[in-house]
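Number of protein chains: 2
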Amino acid sequence: MNFHYPNGKRYIPKTAALKTNSIKNKNDSYSNRGMTLEEDLNLTNEYYRENNIAIIHKKPTPVQIVHVEYPKRSAAVIKEAYFKQASTTDYNGVYKGKYIDFEAKETKLSQSFPLKNFHEHQIKHISSVLKQNGISFVILRFTITEDIYLLEGDKLLTFWNRMLDGGRKSITIDEIKQYGHSISVGYHPRLDYIKVIEKIYSFN
Amino acid sequence: MNFHYPNGKRYIPKTAALKTNSIKNKNDSYSNRGMTLEEDLNLTNEYYRENNIAIIHKKPTPVQIVHVEYPKRSAAVIKEAYFKQASTTDYNGVYKGKYIDFEAKETKLSQSFPLKNFHEHQIKHISSVLKQNGISFVILRFTITEDIYLLEGDKLLTFWNRMLDGGRKSITIDEIKQYGHSISVGYHPRLDYIKVIEKIYSFN
Chain A
11 MNFHYPNGKR YIPKTAALKT NSIKNKNDSY SNRGMTLEED LNLTNEYYRE NNIAIIHKKP
71 TPVQIVHVEY PKRSAAVIKE AYFKQASTTD YNGVYKGKYI DFEAKETKLS QSFPLKNFHE
131 HQIKHISSVL KQNGISFVIL RFTITEDIYL LEGDKLLTFW NRMLDGGRKS ITIDEIKQYG
191 HSISVGYHPR LDYIKVIEKI YSFN
Chain B
11 MNFHYPNGKR YIPKTAALKT NSIKNKNDSY SNRGMTLEED LNLTNEYYRE NNIAIIHKKP
71 TPVQIVHVEY PKRSAAVIKE AYFKQASTTD YNGVYKGKYI DFEAKETKLS QSFPLKNFHE
131 HQIKHISSVL KQNGISFVIL RFTITEDIYL LEGDKLLTFW NRMLDGGRKS ITIDEIKQYG
191 HSISVGYHPR LDYIKVIEKI YSFN
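Residue numbers (the numbering used here), protein chains in the order written: chain A, 11 to 214; chain B, 11 to 214.
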């Protein structure tokens, strides 16, 4: 029952992901077992919430609802709807009073991360969040090597603007290593990105 | 093409709301013209975003997608989906670096605001946000009088706990006037709740 967005990204129903990857599952191992970045982040955010470390949620998939039916004695059924492009990044929430906002993306390439993974309105949103002194970043995963990096929003904007100025349409792996921060894959939490932002930003 | 949630709340497609109530419309007047609280807040947040005052969005309606079809040469169509109960409040974002989180509710009553308007998981979310030092509140609207109040999250929790302890299942209008903060309806922005939170909370 997996289907794909127009952009080729696999859609994973939330409940299915939770059932398969419950953090109570004793068979969990440190290996990544083919989990997507989204599944790893959902587990991580669940861990953060349950332990009052941070309250961060993935936003629901935006859907344009066109037709709904109301069968007697059962729940309303949406019979026609379309995927809409999100106007923000996918994840946001609060850590120590501060606003946290990020987007997570994967690539099958190994030497660079294509900027076409981001939409212009997401870049605009990141820019707006930075102007409001929010904490904004992206989490980039290289599926082949399973390497994961956190790249701060202002750095992403620099690479985006280089592209707009006629420069390369991707960020090289060397640039990501130089300007980004490696996130190691653990058990609980899976991807401890809060540990990274705790080092980068100052919290009262 | 209006339909209703199981809870009786009218569902307003976003694009329709934007078209009808564009803030560029010269025929706009100060009167409320039957706008819902959600429409007013969408216009307010749009105004805040366009003027870099705050970056606050309404979260998409959570939908459980069951079946999608992929017609040739056209967009994917969701053919079966169901409304899900939200696990958070509807609105969140950033103001001066701080995390802002709120829920907006209306009542047709005039003497009290029923607590059944809130779900237990929303109360839990509000409580979690407060523990992370986020700014959490609810916006309450009395549709008959068109009076609108901002009530801080911790005050809502006090009334909620009173109910759990066997007390009344609503907040009286006098209590809301005493503990809440009146929001006047204006033109741009429609409901200037940021002005209220600027008075309540301290910002660096």
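A few of these clues could be false.
[Stated by the list, open to error] Far from chain B, by Cβ distances over 12 Å, these chain A residues were calculated:
hint	residue
1	K69
2	R172
3	D175
4	R178
[Claimed, not checked] Derived coverage of chain B by chain A (criterion: at least 3 residues anywhere in the stretch with Cβ under 8 Å from a Cβ of chain A; other residues may be distant):
hint	region
5	59-73
6	161-173
7	181-191
8	194-203
[To be verified] Here are the simulated BS3-like pairs of lysine-lysine, each with C-alpha atoms no more than 25 Å apart in a straight line:
hint	chain 1	residue 1	chain 2	residue 2
9	A	K82	A	K115
10	A	K106	B	K94
11	A	K69	A	K126
12	A	K69	B	K179
13	B	K106	B	K69
14	B	K205	A	K68
15	B	K106	A	K94
These are calculated hints, taken from the structure and not from any lab test. Only a predicted model underlies this, so the values are computations on that prediction, with no experimental measurement involved. Even glycine gets a Cβ: it sits at the ideal position worked out from N, Cα and C.
Hint check results:
| no. | hint | verdict |
| --- | --- | --- |
| 1 | K69 | 5 Å, violated |
| 2 | R172 | 24 Å, holds |
| 3 | D175 | 24 Å, holds |
| 4 | R178 | 29 Å, holds |
| 5 | 59-73 | holds (count 10) |
| 6 | 161-173 | violated (count 0) |
| 7 | 181-191 | violated (count 0) |
| 8 | 194-203 | violated (count 0) |
| 9 | A:K82 <-> A:K115 | 42 Å, violated |
| 10 | A:K106 <-> B:K94 | 29 Å, violated |
| 11 | A:K69 <-> A:K126 | 21 Å, holds |
| 12 | A:K69 <-> B:K179 | 31 Å, violated |
| 13 | B:K106 <-> B:K69 | 20 Å, holds |
| 14 | B:K205 <-> A:K68 | 28 Å, violated |
| 15 | B:K106 <-> A:K94 | 29 Å, violated |
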